[in-house]
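Undergrad: Sequence:
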Amino acid sequence: AALLKLMREAGGDVIGVDWRVSLDEAWDVVGHDVALQGNLDPVVLFAPLFEELFFRGFLLSALEAVGAHQWVGAVISAALWSVLHLQYDLYGILSIFVGGLLLAAARFSTNSILPCFAMHSLTNLIAYVETAYRAGASA
973 AALLKLMREA
983 GGDVIGVDWR
993 VSLDEAWDVV
1003 GHDVALQGNL
1013 DPVVLFAPLF
1023 EELFFRGFLL
1033 SALEAVGAHQ
1043 WVGAVISAAL
1053 WSVLHLQYDL
1063 YGILSIFVGG
1073 LLLAAARFST
1083 NSILPCFAMH
1093 SLTNLIAYVE
1103 TAYRAGASA
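In the numbering used here, the protein residues as written are 973 to 1111.
Derived from the structure by calculation, the hints contain no laboratory data. Be careful, since some hints might not be right.
Here are the in silico distance ranges between beta carbons for each label pair [what the hints assert, rightly or not]:
# : residue 1 : residue 2 : range
1 : F1026     : S1067     : 13 to 21 Å
2 : D1005     : A1037     : 53 to 61 Å
3 : W1043     : G1003     : 51 to 59 Å
4 : V1038     : E997      : 45 to 53 Å
5 : D990      : A1037     : 20 to 28 Å
6 : G988      : L1056     : 34 to 42 Å
Note that the structure is predicted; figures quoted are calculated from it, not measured. Built from N, CA and C at the ideal position, the CB exists for glycine as well.
Hey, can you work out the whole structure from these sequences and the hints?
TA: What follows is the structure, encoded as structure tokens:
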């Protein structure tokens, strides 16, 4: 939080806040006349990392190991991944399901979860920026 004050004094109009500083604490330090872009790391890096390790790494490999056809595994993995996102409406859940199938296709075509992680992180970054933009536009 000590750097926030320095960034504010340096004239920052938009100040980035990482996951270690709560947004409430950041507002207290910098004031409400600047924009905060906060808590981006978990959304863009950590969630995709752990979700891809589990759903496209472990789960798809485990299903293939027990003899499931890769696309059966992809449907199961995408369905379970969608259940993890029940906070969204039906359109959002279906979009996540289709995204899960696309991520499985990337995993199958490259035999790696690294492209899946990159695609998932980029998707979350776009959603994060869109949400921040809409929140700023409505304020």
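Undergrad: Indicate, hint by hint, whether the structure satisfies it.
TA: We went through each hint and held it up to the structure:
Roughly 20 Å separates the CB atoms of F1026 and S1067, a value that falls within the hinted 13 to 21 Å. Taking 53 to 61 Å as the suggested C-beta distance range, the pair D1005 and A1037 conforms, at roughly 56 Å. Hint check: W1043 to G1003, Cβ distance near 53 Å, so the stated range 51 to 59 Å holds. Range check, V1038 to E997: Cβ separation about 48 Å, and the 45 to 53 Å hint holds.
Checking the proposed 20 to 28 Å range against D990 and A1037 shows it is violated: the Cβ atoms sit about 38 Å from each other. Checked against the hint of 34 to 42 Å, the pair G988 and L1056 fails, with Cβ atoms roughly 27 Å apart.
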